[in-house]
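Trainee: Residue-level listing of the chains:
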Amino acid sequence: MSTEALSPAPLLHVSQLSKAFRGVQALHDYTLTLQPRTLLGVIGPNGAGKTTLFNLLTGVVSPDRGRILFNGQDITGASPDAIVRAGIARTFQNIRLFRRMSVLDNVKVALQSTQPFRLAEAVLRLPRFVAQEQALEERAKALLAMLELEPYAAMPADSLPYGLQRRLEIAMALATNPKLLLLDEPAAGMNPTEANALMHLIARLRDELKLTIILIEHNMRVVMGICERVQVLNYGEIIAEGTPEAIQNDTRVLRAYLGTVHSEPNHARA
Amino acid sequence: MNHRIGWLIAGLVLALAGASQFLLNDYYQRVLSVIAINIILAVSLNLTNGISGDFSLGHAAFMAIGAYTSAVLTLPVRMKAIVLPDLPVWLGQLEVPFVFALVLGALLAALIAALVGTPVLRLRGHYLSVATLGLMVIVQVVALNWQPVTRGARGINGLPPFTTPLWAYGAMLLTVGIIWRVVHSPLGRAMIAVREDELGAACRGVRVFRTRLAAFIIGAAFASIAGGLWAHLITAITPASFSFLLTFNVVAMVVIGGMGSISGSVAGAVLLTLLPELLRRVETSLALGGQPLYGLSQVVIALLMLGVMIFRPGGLFGREELPAVLARFQRRRSAQRQAPHPSPSS
Ligand SMILES: Nc1ncnc2c1ncn2[C@@H]1O[C@H](COP(=O)(O)OP(=O)(O)OP(=O)(O)O)[C@@H](O)[C@H]1O
Ligand SMILES: [Mg+2]
Chain V
0 MSTEALSPAP LLHVSQLSKA FRGVQALHDY TLTLQPRTLL GVIGPNGAGK
50 TTLFNLLTGV VSPDRGRILF NGQDITGASP DAIVRAGIAR TFQNIRLFRR
100 MSVLDNVKVA LQSTQPFRLA EAVLRLPRFV AQEQALEERA KALLAMLELE
150 PYAAMPADSL PYGLQRRLEI AMALATNPKL LLLDEPAAGM NPTEANALMH
200 LIARLRDELK LTIILIEHNM RVVMGICERV QVLNYGEIIA EGTPEAIQND
250 TRVLRAYLGT VHSEPNHARA
Chain P
0 MNHRIGWLIA GLVLALAGAS QFLLNDYYQR VLSVIAINII LAVSLNLTNG
50 ISGDFSLGHA AFMAIGAYTS AVLTLPVRMK AIVLPDLPVW LGQLEVPFVF
100 ALVLGALLAA LIAALVGTPV LRLRGHYLSV ATLGLMVIVQ VVALNWQPVT
150 RGARGINGLP PFTTPLWAYG AMLLTVGIIW RVVHSPLGRA MIAVREDELG
200 AACRGVRVFR TRLAAFIIGA AFASIAGGLW AHLITAITPA SFSFLLTFNV
250 VAMVVIGGMG SISGSVAGAV LLTLLPELLR RVETSLALGG QPLYGLSQVV
300 IALLMLGVMI FRPGGLFGRE ELPAVLARFQ RRRSAQRQAP HPSPSS
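If you read the protein sequences in the order shown, they are chains V and P. Take 0 as the starting number for the first sequence in numbering that gives the first Met the number 0 and just add one per residue. Take 0 as the starting number for the second sequence in numbering that gives the first Met the number 0 and just add one per residue.
Next up, chain V with everything else stripped away, as it sits in the complex (with noise of 0.2 Å):
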């Protein structure tokens, strides 16, 4: 039996991040304490550092200074495929998909990294391989059919319209058994009721598959009704950070946002 402590240990714990780009500070001393199944916003008008603290997260860019601890392990500087298989999943702003692969094998491929692989095997087709093969198909349309995606297993998946583009970025960062789930900017492009829907999706997905989510959002309004916390990021720094209510009447918050024009950004970057 183990004697942890009464207050849970934190699953997710950054300190001091920072991250310059030839001079642009992206992000500066980020700090969080995220407590397992919490469902954090992070907002902030363009540029504000958001996607750059996900590719910090992710090992995608290697942070100037700082560490993050991630279910008690040091992760700082770990390759992508690393912390993926330690747990941390994420989607991207800009879409990364296999987009020649059939939608089915690009959930495929992001299931088969938490199991063994061996050659041998797969080259004689050996009983244990067919039945890993299998049940790996079986997974894939069981998280294709949550996402309401089944319909569409064989097509390739750049003929899918961006919504289920977005819908498909989510099944596969979930394919990979995650415990905190990265979600940037998965409503973009929405209109008002999609985004609503997907909200809830994603607050139906972090109860029933025990998740914590941190979750970007470029508009303020999506993110107050599933959010119990929100952190404001401006020019790289968190200017604001609590609940929903808190957030929404602090001048700081407002004065950040006054003036920044709410379109989709598109240029492209991870």
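Calculated from the structure, these hints are not laboratory results. One or more of the hints may lead you astray.
Okay, the calculated bits of chain P under chain V, using three or more residues with CB under 8 Å as the criterion [as the list claims (entries may be wrong)]:
#: 1; stretch: 39 to 53
#: 2; stretch: 174 to 183
#: 3; stretch: 186 to 196
Only some residues are given here: those of chain V computed to face chain P with a beta carbon under 10 Å [stated by the list, open to error]:
#: 4; residue: Ala88
#: 5; residue: Arg89
#: 6; residue: Arg95
#: 7; residue: Phe97
#: 8; residue: Met100
#: 9; residue: Lys107
#: 10; residue: Leu110
#: 11; residue: Phe116
#: 12; residue: Val122
#: 13; residue: Arg124
#: 14; residue: Arg127
#: 15; residue: Gln131
#: 16; residue: Gln133
#: 17; residue: Ala174
#: 18; residue: Met219
Note that the structure is predicted; figures quoted are calculated from it, not measured. From the three backbone atoms N, C-alpha and C, an ideal C-beta is built for every residue, glycine too.
With chain V fixed as given, assemble chain P with the ligands onto it according to the hints.
Mentor: What follows is chain P with the ligands alone, placed relative to chain V:
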């Protein structure tokens, strides 16, 4: 069902290859064997260049490793004393059956691919292509200067003519079967994912480097087997045999067939073996101003490749495999049959 058809075709091919050894003369047997060897080369090169997306130009290097390994290992001891008197003693007294020589050559090529791939696969795109080309040059230089084992520029001749159509097609079927299964396994999916989006693959848990290295190593092993088969078909090898021209021809097979398609590589290999063979006859019979048109076949291959690049950049098969192409063809046919006949007035 698909499985059974595969086995059926394999059995048929093997039976025909066996029969050809009784029915065809030496020349046609040789052409048949060369086709099989080229299929092995193209299908194995396609694993890196088409499936995992690393455009290697080093295939001739691994072929040379297989050819020399097999030559040195299978040459009868009596002949070694004459042809290769300076071999290390243990090698000089060794005479290995052909199969083992091929397998050992494949293992050696795999090992070298692993060693070379570790630094070279840090590179991407053109840099990687040039580095693999460098590998080919290095292997050639070694073959040229490692006199006691390779006899340098003179090369090794008088090799036992082991390679018959049955050997070549047996090895070819094994190669295509294994590579087909690799591609249609989690490893193959990972390779394609890496080709499509490397960072995207890494962020879904794919070990990108290991995946690319696996493609490189497996491709090298089969190239080596092709090299061994080729050595014992031609029965003479020199460092010059494994030149850029050879690499170019195999690359052309893969590109014309359709990068990423195993069926395409097979088709490309068959086409680019038979075409020059036919043209070679034209070369000698067609004389321009009294001069035979040597080199015509090479020019035609280059033009063919140019034409494919311009008019069908995906190659004959694109990225598709034969079953998918046939299914699509069948669907279209049955759709046409069901459609009402067009009115004669239009
Ligand atoms: N790889 C990179 N190279 C150079 N500069 C970068 C890179 N990634 C981000 N930046 C810069 O860092 C700053 C923060 O960018 P980031 O993408 O994190 O913003 P964001 O909050 O996600 O914005 P958006 O709402 O537009 O998605 C910007 O000034 C951006 O130009
Ligand atoms: Mg962003």
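Trainee: Look at each hint and say if it fits the structure.
Mentor: Outcome of the hint check:
no.: 1; hint: 39 to 53; verdict: violated (count 0)
no.: 2; hint: 174 to 183; verdict: holds (count 3)
no.: 3; hint: 186 to 196; verdict: holds (count 7)
no.: 4; hint: Ala88; verdict: holds (8 Å)
no.: 5; hint: Arg89; verdict: holds (6 Å)
no.: 6; hint: Arg95; verdict: holds (4 Å)
no.: 7; hint: Phe97; verdict: holds (4 Å)
no.: 8; hint: Met100; verdict: holds (6 Å)
no.: 9; hint: Lys107; verdict: holds (6 Å)
no.: 10; hint: Leu110; verdict: holds (9 Å)
no.: 11; hint: Phe116; verdict: holds (5 Å)
no.: 12; hint: Val122; verdict: holds (5 Å)
no.: 13; hint: Arg124; verdict: holds (7 Å)
no.: 14; hint: Arg127; verdict: violated (13 Å)
no.: 15; hint: Gln131; verdict: holds (8 Å)
no.: 16; hint: Gln133; verdict: violated (13 Å)
no.: 17; hint: Ala174; verdict: holds (7 Å)
no.: 18; hint: Met219; verdict: violated (27 Å)
Checked against the numbered hints above, the structure breaks hints 1, 14, 16, 18 and satisfies the rest.
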